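From first to last, the protein sequence lines stand for chains V and Y. Start counting the first sequence at 15; every next residue gets the next number (the working numbering). Start counting the second sequence at 24; every next residue gets the next number (the working numbering).
Don't read these hints as lab results, they were simulated from the structure. Please read these numbers as outputs of a predicted model, since none were measured by experiment. Incorrect hints may have been included.
[Said to hold, decoys possible] Residues on chain Y that point at chain V, a partial pick, calculated with CB under 7 Å:
no. : residue
1   : Arg-156
2   : Val-160
3   : Ser-171
4   : Val-208
5   : Leu-230
6   : Tyr-235
7   : Phe-291
8   : Leu-296
Positions of the beta carbon are idealized from the N, C-alpha and C atoms, including for glycine.
Listed here are the chains, written in short residue letters.
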Amino acid sequence: MNRYPLWKYVIIGVALLAGLLFALPNLFPSVPAVQIASAKATVKIEPTIVTQVKDILTKAGIQEQGIFYQEGASPSVRVRVASDDVQLKAKDALVSALNPDPNDESYVVALNRVSSSPAWLTALGARPMSLGLDLQGGIHFLMQVDMSAAINKRLDSLTTDFRSTLRDKTIRSNGVERNGQEVDIAFNDAETAGAAMKVLADGEADLDFKVRQEASGYVLAATLKASAATQLQSNAIQQNITTLRNRVNQLGTSEPVIQPQGADRIVVELPGVQDATRAKEIIGRTATLEARLVDSSPEAMTALATSSVPFGDDRFTERGGIPLLVKKQVVFSGDDLTDAQASFDPQTQQPIVMLTLGAKGARTVREVSRANIHKRMALILFEKNKGEIITAPEIQSELGQRFQISGTMTPSEATDEALLLRAGALAAPMDIIEERSIGPSLGKDNIERGFLSVVYGFLAITVFMVIYYMLFGLVSVVSLGSNLLFLIAILSALQATVTLPGIAAIALALGMAIDSNVLINERIREELRNGSTPQAAIAAGYERAFGTILDSNITTLIAGLALLAFGSGPIRGFAIVHCIGIVTSIFSSVFVSRGIVNLIYGRRRKLSSLAIGQVWKPA
Amino acid sequence: MEFFRIKRDIPFMRHALIFNVISLITFLAAVFFLTTRGLNFSIEFTGGVVIEASYADVANIDSIRESLVKAGVASPQVQNFGTTRDVILRMSLKDIAAAPSIQTTGDKTPQLDRDKLTANVLSAGGSQPQIRRVDFVGPQVGRELAESGALALFWVVVGIMVYLAFRFEWKFSLAAVVANLHDVVIILGFFAFFQWEFSLTVLAATLAVLGYSVNESVVIADRIRENFKKLRKASVDQVIDNAITSTISRTIITHGLTETVVLSMLFFGGPTLRFFAVALTIGILFGIYSSVLVMAPITRWLGVKRDDLVKPLNKRESASAAR
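Could you put the whole structure together from the sequences, leaning on the hints where they help?
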């Protein structure tokens, strides 16, 4: 009765093997590495850079131990090296080769550490646990995006749009004004209000219009639809994240995390960054976008050839390095840009970038473009007070509120271009509402303390269990060890961020998981006390204890899930590990320990006693 | 080895009233301290700044405090943190707004300037001050955390009640939740009485205790159900007494082992985990007491009967008798 079929052992074996495999990378120490990331929004890291990096290092006579290209929102390349010395040399070589102009860096070359686990492990997807900021040091910011400002900005631009539309259509109103969350237009009579509504509502899917009678006359009120407001908010978050990512890249941090939290917040985590003041300054900086005409006069062309700059012009380089002279006068700026989206031309099916301007910007761009057909207009993105031309298309016709940029580009280039244009327009102001910075020495201390707590806790349990329950105690400890293995393997495989509360949860998981084994062992002793044969006692002990184990773990899991759902920050870090620990403990304390016990006792027919410690029987 | 050699069932239920009175008194004391003293919430809840700094030698806390007062902070909190060389400073957002010599210039709302703090305040405490950690929490975040904490507590209670009502019976479910909420209140009472800092990690520990000590109630409830089936002639009191007595060895051993791990955290986990471990310790100790001596008597007051738990068995039996 105490034998497992082969398939159960196979499951246990496979689980243990997988656990070992995924927990293994944590044993390899991290080794020095150099990381290359893009320093500018206009520079993109492509997989082809790997060969370039290899060439640079070979030329400098530096031995690398692997170059890895990492995909993602902000792709990067990592070069693993043998020692800290080589790391510094490699960094210097890469900086001087990749950034010929020290004042205009295209790439950020940062020192980093990567796991030294062998390539075959990495190829299997086995990576070491990802440590939280409190364990590796760094800075955490929580930014609050001012959504009402984003909505107000949209409503303000609507107000000017309405004014000019009504003027164009010669509809007389008594004034257009923004009142809180709506735009109010006053009219003398209901007919004009109705006519105005027809004109304004045309092509505006985002707005709700309503006419109401007031003492002074009729008011046409326009409000943003709820769906449009949500869309506006999520666009604003997305746009601010893009902007933040561009800025954070300048800090040269190895693995920044920038992600939305809730409806109106953004989390920025900068591992390894120590200089909080500088980090804040860079994050708080605004990039701006300006549209200016390209100076194509004969004088300018000669000036360009002799690399002098005529009066009233500025010299900027286009993406790709071609210099251009542009006029100082600004046609429209990032503030006027409402939206920029990649799309396709309905006629030619070519990728295009669609720009939408506010009413004020539209008026100037109309006037300027009418007078300058077949001339070029440059869109310049300013970062760190340095401008770079994103694109400089030729003006084909008179432009309006919405116009497109077309040309020979791929869809992904169009997407990039739209992203860059949007990065120049800050969607909504942001404030830092939470900041945590942890020094690297504190992180190291925290890892050590957490590790010690787990180790000493485990040792104490081992000593007690083996003395008290003898062989069954040993079996319990082995299954507890497998629980620890599974827990670490799952945490590594999921790449869940492990924080100090997370380590506390690992320790606590051990303390709670042993409960199941104590339950089982006590139950077996009780069965023996009541006169069962050893084999029957094992079977009954496991069987009867299982219901209790399941019940008690499910109630604990309910608490864990509630913590996960409502907790944030340190609570979340605790809850994730807590929940996974509960699930792995059911598997290991019931299934694995039974497997071992069956292996030891299952085949012995004439079993007279169990090594479960002394079983006292009342006289 | 066997610690518990109990010959006869311990008559817990005979003294149920005494136990209930004791727990009522501790409960009321906890509520009293909670209302009169209140919890000492960490800046995670209230908003503010915490700075952890370390010195080359022993830090002079008094002079750090003095220089903070001089800078304009009304009631600065400066304490040692772990060792005599480490200090921890706590300031509210108002404090920073009132102290120009440690705040940033040019921001809309002035924030803490670390360099100025090191130069103007920390340098008074000893040689080579080094900031190891800075936590800044805005006021809006704190309010949300308190709200989500209360929500988490609510859903833990609801979830456990529903599960136990479904798995056992509503009397057990109610008794278990009352018993374990009693633990939570007592933990909070301790934190209020000693004015220990109540942080997010302590909140996590408190809620984890809630889930953990329900375990205990489940184990006993399981046994009561089993005994109702097995000891058919025994009275309700005898059934409960036997259930508690036969599980008490397991109860004490498991809690002892969990507590061992928690103590290991308390001793080796450093100051960050200290109050986390303290909350767990209180929770575990009172958890044993409450599930044995609070939960079981309550189920009895609620009038638990054999029929409540062994209905399916009775039906089957009557069906076989009819055949």
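How the hints compare with the structure:
no., hint, in the structure
1, Arg-156, "holds (5 Å)"
2, Val-160, "holds (5 Å)"
3, Ser-171, "holds (4 Å)"
4, Val-208, "violated (16 Å)"
5, Leu-230, "holds (6 Å)"
6, Tyr-235, "holds (6 Å)"
7, Phe-291, "holds (4 Å)"
8, Leu-296, "holds (6 Å)"
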